[in-house]
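Going line by line, the protein sequences match chains H and W. Quick note on numbering: the first sequence equals residues 27 to 420 in my numbering. Quick note on numbering: the second sequence equals residues 925 to 1078 in my numbering.
These aren't lab readings, by the way, just hints derived from the structure by calculation. The model shown is predicted, which means the values in this text are computed figures rather than measured ones. Among the hints, a few may not be true.
[To be verified] Calculated from the model, a selection of chain H residues having no Cβ within reach of chain W, i.e. all distances over 12 Å:
{"#": "1", "residue": "Glu69"}
{"#": "2", "residue": "Phe78"}
{"#": "3", "residue": "Pro106"}
{"#": "4", "residue": "Glu113"}
{"#": "5", "residue": "Arg301"}
{"#": "6", "residue": "Thr307"}
{"#": "7", "residue": "Leu320"}
{"#": "8", "residue": "Asp382"}
{"#": "9", "residue": "Lys386"}
{"#": "10", "residue": "Arg415"}
{"#": "11", "residue": "Tyr420"}
[To be verified] Okay, the calculated bits of chain W under chain H, using three or more residues with CB under 8 Å as the criterion:
{"#": "12", "segment": "980-989"}
{"#": "13", "segment": "1046-1057"}
We treat Cβ as the ideally placed atom computed from N, Cα and C, and that holds for glycine.
Single-letter residue listing:
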Amino acid sequence: MAKEYNLKRADFIFRNENDWENILSRTLDKDSRELINELISSELKGRGGAGFPTGLKWKLTSEAEVAQKYVICNADEGEPGTFKDREILMKVPFKVLTAMAICGYITGATKGFIYLRGEYKFLQPDLQKVIDEFAYYCKEIGFDFSIEIFMGSGAYICGEETALMESMEGFRGEPRNKPPFPTNKGYMGMPTVINNVETLAHTYTIFKHGAKKFYDLGVQFSRGTKLFSVSGDTPKPGIYELELGMSLSDFVDEFGDGDTKAVQVGGASGFLVPRKRFGETSIGYKGKLTGISLPTGGSMMLFNSTRSMFNVLDNYLEFFREESCGQCTPCRVGCQQLHMGIKAVKQGQKPAVYLDKLLKLTETMQYTAKCGLGQSVANSFSSIVENFREEMIY
Amino acid sequence: MTQTSELINALADKHGRNRENLLSVLQGVVRQEHYLSESTMVEIAREMDLPAAEVYGTATFYSFLEYKKMGQYVIRICKTITCSMKGKNQILLTIEDMLKIGVGETTPDRKFTVLQTNCLGWCHKAPAMLINDEVYTELTPEKVREILSEYLKK
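Please take these sequences and the hints and turn them into a complete structure.
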């Protein structure tokens, strides 16, 4: 019989971090292969949204035999509707630093970076103090690992891991071709583990409580808990830790304002789910056995019936148009054409069937754009245009 | 040496003169001078032994590395979806009314520049804005007037 999944709250991420010294020294005493197996068996997947298995990422990097490797914490949280990573860095920074150091121990990296988005510059002084204290402790226990903050300068695309590395190397934040993947050739051409802030915080939970505790939460293919950034038309906007696999209708029951028309899952690059599909949609990584399963970096934006979906899409497309790095034509020109296109339809300069041409264009972008930005414009575009076609025209 | 070249020299000494230090140097100049002029970028290129076009190309990629003259306080109002829905336009109108300038403009005394920006990551406390590095959230026209009055006194 199918299991019933309700909204299950959890409290791991923000639970106290006072035991970090103990967790760090205890974990550094263990065999690194054992730790990797522990992480792999937890089935933790990347919490930035892409969902790559974290244990595998660490394993691949650990296998490379070179002198210099790096660990990067991706704190370039730019997806519209996400704000959880800042909260982690403000409330439990030691967990992130500890996780980075453990990753360094496992992979053989001795240098870590936190790529902090320019918009979070105000965090830097406090974070630096924490890093200094952390460095002092590492020195005390004779563990060679140092962490530096690298400031971003206002570019959404730098959240893409290879663009982030380009940026750190002093170039325009333009994504690289993959392969090679960062686990092979990352920062400065060296094997690099790059993880989202939240992913690192979860590894802390796993090293503290064991993989089983984490694995037992959530559902098949989507294990563990996840932080959700809830905003929009909701009486309780904020950050919530929930088990993965919940149904969207349960989510709306909890966070909606009673008049929820649609939910944007995964930010502007994610999907818009209309009311009629709340029941069949669940939140988790791809691979669920039945129904639709949507991944998210945590962004959950609710819209009630007073909102025009045209305005929502218009806002997203303006965002993508400005944030496209401009390197590849499908994305650079595609985003412009989509934005101009929906306006032309709205103003009656183009017939309604022009929307179908635009849908075709997003499909082309999905296949031909170089990175996730251009490829994922299709997600929100098609889910909004297909479900709210009248609002695009009239 | 001019003040700017001294600054660039000091920043290059501090961060290094390799390509991977470029962003830190650019950020350091913007911190002091609020923007990167053409001659500044040429100077950075010389100091770090890079083609000027590379420095220009990199600097202009990043929205926080301004290359037009900016005021002492750069106000960046978030215009992404949630802030937009929660009254960003009211906030913008209030600021424009107080400072008598529009988006992209700088006050004649070079104290303030008003810009719009993409998601600042405060959607749960929308609308939000930055004044330089300082964050202000859950804005209302009244709150904005109070905040700006404080800055006007500075």
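Verification of the supplied hints:
A cut-off of 12 Å between C-beta atoms confirms that H/Glu69 is not in contact with chain W; the least separation is 28 Å. Its beta-carbon lying about 23 Å from the closest one in chain W, H/Phe78 satisfies the requirement of being farther than 12 Å from that chain. Once the 12 Å rule is applied to beta carbons, H/Pro106 is inconsistent with being away from chain W; the minimum gap is 4 Å. Here H/Glu113 does not stay apart from chain W, with its beta-carbon only about 10 Å from theirs, under the 12 Å limit.
For H/Arg301, the requirement that its beta carbon stay farther than 12 Å from each beta carbon of chain W is met, with the minimum near 18 Å. With a closest Cβ-Cβ approach of about 20 Å to chain W, H/Thr307 is found to remain outside the 12 Å limit, as its non-interface label requires. Even its closest Cβ contact with chain W, about 18 Å, leaves H/Leu320 beyond 12 Å, as expected for a residue assigned away from the interface. Non-interface status of H/Asp382 relative to chain W is upheld: no Cβ of that chain comes within 12 Å, the nearest being about 25 Å off.
Every CB of chain W is more than 12 Å from the CB of H/Lys386 (nearest about 25 Å), matching its label as outside the interface. No beta-carbon of chain W comes within 12 Å of the beta-carbon of H/Arg415; the shortest separation is about 20 Å. For H/Tyr420, the condition that its CB be more than 12 Å from all CB atoms of chain W holds, with the nearest at approximately 20 Å. Three residues within the 8 Å Cβ limit are the bar, and the segment 980-989 of chain W against chain H gives 7, so the coverage statement holds.
By the rule of at least three residues with a Cβ nearer than 8 Å to a Cβ of chain H, the coverage given for the segment 1046-1057 of chain W holds, with 7 such residues.
In summary, the structure is inconsistent with hints 3 and 4 from the numbered list given earlier, while agreeing with the others.
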